[in-house]
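2 protein chains.
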Amino acid sequence: MKNLLDGIEEVLLMGPGPSCVPDEVYKALAKPTLGHMDYYFIEIMDETKSMLQDLMQTKNPLTLAISATGSAGMEAAFVNLVEPGDPVLICINGVFGTRMADIATRLGADVDTIEFKWGTPVIPGNVKEKLSKKKYSVVAVVHAETSTGVKNPVREIGDIVKEHGALYIVDAVTSLGGIPVEVDNWKIDVLYSGTQKCLSCPPGLSPITFSGKAIKKIQNRKNKVPNWYLDMNMIMQYWGGKKRVYHHTAPINMLYGLYQSLFLFFQEGRDTVYKRHQETHEMLVEGLEKLGLKMLVEPSHRLPMLNSVIVPEKIDEAEVRSTLRKKYKIEIGAGLGPLAGKIWRIGLMGHTARKNNVKRLLDALSEIIK
Amino acid sequence: MKNLLDGIEEVLLMGPGPSCVPDEVYKALAKPTLGHMDYYFIEIMDETKSMLQDLMQTKNPLTLAISATGSAGMEAAFVNLVEPGDPVLICINGVFGTRMADIATRLGADVDTIEFKWGTPVIPGNVKEKLSKKKYSVVAVVHAETSTGVKNPVREIGDIVKEHGALYIVDAVTSLGGIPVEVDNWKIDVLYSGTQKCLSCPPGLSPITFSGKAIKKIQNRKNKVPNWYLDMNMIMQYWGGKKRVYHHTAPINMLYGLYQSLFLFFQEGRDTVYKRHQETHEMLVEGLEKLGLKMLVEPSHRLPMLNSVIVPEKIDEAEVRSTLRKKYKIEIGAGLGPLAGKIWRIGLMGHTARKNNVKRLLDALSEIIK
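Order-wise, the sequence lines are chains G and R. Just so we're aligned: the first sequence equals residues 135 to 504 in this note's numbering. Just so we're aligned: the second sequence equals residues 135 to 504 in this note's numbering.
Do not rely on the hints blindly, as some may be mistaken.
Claimed, not checked - Straight-line C-alpha distance at most 35 Å; calculated DSBU-like pairs for lysine-lysine:
| hint | chain 1 | residue 1 | chain 2 | residue 2 |
| --- | --- | --- | --- | --- |
| 1 | R | 161 | G | 183 |
| 2 | R | 377 | G | 377 |
| 3 | R | 251 | G | 356 |
| 4 | G | 476 | R | 269 |
| 5 | R | 347 | R | 262 |
| 6 | R | 264 | G | 356 |
| 7 | R | 251 | G | 376 |
| 8 | R | 377 | G | 251 |
| 9 | G | 264 | R | 356 |
| 10 | R | 136 | G | 377 |
| 11 | R | 161 | R | 409 |
| 12 | G | 268 | R | 489 |
| 13 | G | 409 | R | 183 |
| 14 | R | 347 | G | 358 |
To be verified - Some chain R residues judged to face chain G by a derived CB distance under 10 Å, without partners named:
| hint | residue |
| --- | --- |
| 15 | 164 |
| 16 | 172 |
| 17 | 196 |
| 18 | 212 |
| 19 | 339 |
| 20 | 354 |
| 21 | 357 |
| 22 | 468 |
Stated by the list, open to error - Pairwise CB distance ranges, derived in the manner of DEER restraints:
| hint | chain 1 | residue 1 | chain 2 | residue 2 | range |
| --- | --- | --- | --- | --- | --- |
| 23 | G | 251 | R | 195 | 53 to 63 Å |
| 24 | G | 219 | R | 475 | 41 to 51 Å |
| 25 | G | 143 | R | 263 | 54 to 64 Å |
| 26 | G | 350 | R | 251 | 36 to 46 Å |
| 27 | R | 503 | G | 314 | 54 to 64 Å |
Everything labelled a hint here was simulated from the structure, so no lab data went into it. Idealized CB from N, CA, C, for every residue including glycine.
All chains should be modelled from the sequences, with the hints used to inform the complete structure.
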């Protein structure tokens with residue numbers, strides 16, 4: 135019997151996530167499994183929580199990792215905070231804003247959207263105007279739009295939402311660990327992320343945090359959360375409190391991986407990590423422009439960890455990706471939705487954001503598209 | 135900075151899951167991460183699906199692993215098959231039947247339950263009688279009640295449900311990989327499991343299968359599935375079809391682990407694995423009885439992989455568990471719900487089900503409670 139795992143090659147992951155995983159994280163994943171109620175495992179959970187609070191710049195006690203991937207973090211944010219009929223405003227300038235609107239609609243919320251051209255950022259003034267016309271209970275925005283490479287002005291929108299009095303949900307799946315995220319300063323009520331982007335841990339968990347105001351909403355819901363698996367009323371008793379109450383079996387080894395990722399982040403130092411992302415991004419853009427390629431997003435709104443490159447006319451974008459993968463063992467991403475076929479998405483996330491990786495990609499690209 | 139992962143000890147996991155993980159599975163978890171749309175990763179997914187079909191004894195094309203733990207499999211089964219107002223019958227004889235009723239109720243179903251004493255099995259005749267009085271769209275039962283150690287007569291109930299015309303949901307979280315599970319022969323429409331029980335992979339995924347009849351129901355729903363993350367209409371396009379459509383980023387390395395677990399299962403051979411579970415169970419029961427301990431469940435309804443032992447009077451059950459964990463590095467489980475403080479739950483799941491492990495536990499117990 136042939137074992138396919140024996141044929142897995144090391145691929146340089148420069149797509150929109152997953153990113154490259156450091157050896158220390160692989161080793162962490164392979165540590166002996168402990169029970170989900172084991173006293174030593176609970177110490178690891180507590181320390182993970184504390185590192186997540188530090189990373190997210192929040193004092194929120196309800197800070198933890200959801201036992202599923204980043205999209206489940208989005209689901210958890212909405213399913214806990216939104217009840218049928220609740221007026222919700224979603225800012226949309228890419229796939230992930232669109233997904234938020236889909237989730238909120240499925241939950242029976244009264245969903246309004248405010249849309250911006252893909253590749254451009256959300257404009258706070260427009261959000262303010264929208265809020266002046268209707269009372270919303272929740273406003274949501276994506277910090278780093280992975281589908282376009284745009285950074286949205288989360289801090290500025292936070293001030294507006296706070297004044298309005300709504301709960302503020304922010305998607306930080308791609309931003310967390312690569313650029314500053316300041317939950318408390320930015321007045322965010324729920325922020326969630328994923329492990330497979332700038333944290334450089336394989337996919338499988340969604341770090342998330344809830345403010346006191348968000349918890350109050352959850353505890354005073356008219357109806358039970360219509361999702362047992364993601365009901366924070368129960369999950370908070372497993373992740374906190376004096377006596378831990380069993381809810382579901384946590385993904386133990388994935389949590390080891392997240393712990394190690396966070397450990398490496400703080401070992402390297404927050405500022406150094408952010409600087410590394412910025413510098414490799416600048417090196418990549420410079421190199422791409424030398425090859426005659428153009429970026430989709432204006433410089434002032436670009437994310438360092440997700441670079442959208444316009445595919446030149448007459449180039450078969452899928453063939454370039456396929457050659458990169460098969461000949462050079464490098465993965466880059468395709469465009470999504472209206473940008474499918476029009477852009478490549480080059481990730482510089484976490485462990486991937488290294489100058490030698492940028493050089494390897496630029497060398498390969500210059501051979502392919504010369 | 136101290137790294138807590140350095141202090142993780144190897145614990146013999148003889149609780150209700152997670153179970154002991156073979157070295158080959160740890161190694162699989164630490165294989166290089168590939169992209170979730172990578173052609174080679176899709177080969178691994180396809181082979182995983184094929185092994186799951188073989189393990190579950192089904193031809194269902196929609197057979198895959200949900201990107202979250204076993205409880206999310208339960209959530210996925212109900213949230214896809216049930217719409218508000220649908221009449222649903224849940225058989226309850228433990229915690230996990232109760233959880234099913236909770237989930238179905240949150241989804242707005244018209245939930246009836248048929249209850250049996252914890253520690254005793256569901257009686258098919260009673261289910262038949264219940265079905266003769268009301269038309270149900272879904273009937274659900276737990277195969278292996280992890281909270282009590284009882285095996286329910288899934289095959290017999292399947293015949294009755296089929297005659298009635300309802301969809302049949304079966305929880306095989308603890309049974310799959312330890313005793314026979316025959317999805318097609320037993321007329322099951324949705325069956326889900328977990329990786330951390332008899333498959334001996336760490337927790338994090340939920341293998342699941344849907345019959346053609348179940349898919350028809352999902353495709354003809356009046357409303358969208360009120361759970362984006364678990365909506366099978368979208369997930370089936372990622373796990374099948376000619377062109378894979380991105381839904382969410384799958385937990386790549388966890389899927390390597392599941393692949394390896396299934397590989398080991400078929401390498402050892404189905405019959406040998408089931409025999410090993412049965413023989414270690416018999417050895418355990420014999421040893422426990424020699425120590426003067428009594429089993430909760432009658433012999434004919436006992437699960438080999440989950441053994442409920444009545445805690446003798448005058449024994450502090452929590453102290454015994456704590457001594458086992460701290461002095462002997464063995465984990466066993468406590469009772470849940472009405473059985474809390476009254477039973478221990480000893481797991482013999484997958485890799486844990488070995489005679490040397492049984493001996494180690496019996497020796498430790500005899501020292502502690504002598």
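Outcome of the hint check:
At roughly 27 Å between alpha-carbon atoms, residue 161 of chain R and residue 183 of chain G fall within 35 Å of each other, so this suggested pair holds. Restraint check: the Cα-Cα separation between residue 377 of chain R and residue 377 of chain G comes to about 48 Å, which exceeds 35 Å; the hinted pair is violated. Distance check on the hinted pair: residue 251 of chain R and residue 356 of chain G sit about 33 Å apart at the alpha-carbon level, within 35 Å; holds. Annotation: proposed proximity of residue 476 of chain G to residue 269 of chain R is violated, straight-line Cα distance about 53 Å (limit 35 Å).
The straight-line distance between the Cα atoms of residue 347 of chain R and residue 262 of chain R is roughly 21 Å, inside the 35 Å bound, and the hint therefore holds. The straight-line distance between the Cα atoms of residue 264 of chain R and residue 356 of chain G is roughly 32 Å, inside the 35 Å bound, and the hint therefore holds. Under the criterion of a C-alpha separation no larger than 35 Å, the hint pairing residue 251 of chain R with residue 376 of chain G is consistent with the structure, at around 32 Å. Proximity of residue 377 of chain R to residue 251 of chain G is assessed by CA-CA distance (about 28 Å); at most 35 Å being required, the pair is judged to hold.
Taken as a hint, the residue 264 of chain G and residue 356 of chain R pair is honoured in the structure, with Cα atoms around 32 Å apart against an allowance of 35 Å. Annotation: proposed proximity of residue 136 of chain R to residue 377 of chain G holds, straight-line Cα distance about 25 Å (limit 35 Å). Restraint check: the Cα-Cα separation between residue 161 of chain R and residue 409 of chain R comes to about 26 Å, which is no more than 35 Å; the hinted pair holds. The straight-line distance between the Cα atoms of residue 268 of chain G and residue 489 of chain R is roughly 68 Å, outside the 35 Å bound, and the hint therefore fails.
The suggested pairing of residue 409 of chain G with residue 183 of chain R is violated, with an alpha-carbon distance near 43 Å, which exceeds 35 Å. Simply put, residue 347 of chain R and residue 358 of chain G have alpha-carbon atoms about 30 Å apart, close enough for the 35 Å limit, and the pair holds. The beta carbon of residue 164 of chain R is positioned within 10 Å of a beta carbon in chain G (closest approach about 4 Å), and the interface hint is therefore held. Interface restraint check for residue 172 of chain R: the shortest CB-CB distance to chain G comes to about 7 Å, inside 10 Å, so the restraint holds.
Annotation: residue 196 of chain R was flagged as interfacial toward chain G, and the flag is violated, the nearest CB pair being 20 Å apart, outside 10 Å. Here the hint on residue 212 of chain R is kept, as its CB sits about 9 Å from the closest CB of chain G, short of 10 Å. Because the closest C-beta pair between residue 339 of chain R and chain G is about 8 Å apart, less than 10 Å, the hint holds. About 17 Å separates the beta-carbon of residue 354 of chain R from the nearest beta-carbon of chain G, more than 10 Å, and the hint is not met.
Interface restraint check for residue 357 of chain R: the shortest CB-CB distance to chain G comes to about 8 Å, inside 10 Å, so the restraint holds. Among the interface hints, the one on residue 468 of chain R holds; its C-beta lies about 8 Å from the nearest C-beta in chain G, closer than the 10 Å criterion. In this structure, residue 251 of chain G and residue 195 of chain R break the distance hint of 53 to 63 Å, their C-beta atoms being roughly 40 Å apart. In this structure the hint that residue 219 of chain G and residue 475 of chain R lie 41 to 51 Å apart at CB holds, the actual value being about 43 Å.
The supplied range of 54 to 64 Å is met by residue 143 of chain G and residue 263 of chain R, whose beta-carbon atoms lie about 59 Å from each other. Between residue 350 of chain G and residue 251 of chain R the Cβ separation comes to about 40 Å, which falls inside the hinted range of 36 to 46 Å. With their beta carbons about 56 Å apart, residue 503 of chain R and residue 314 of chain G fall inside the hinted range of 54 to 64 Å.
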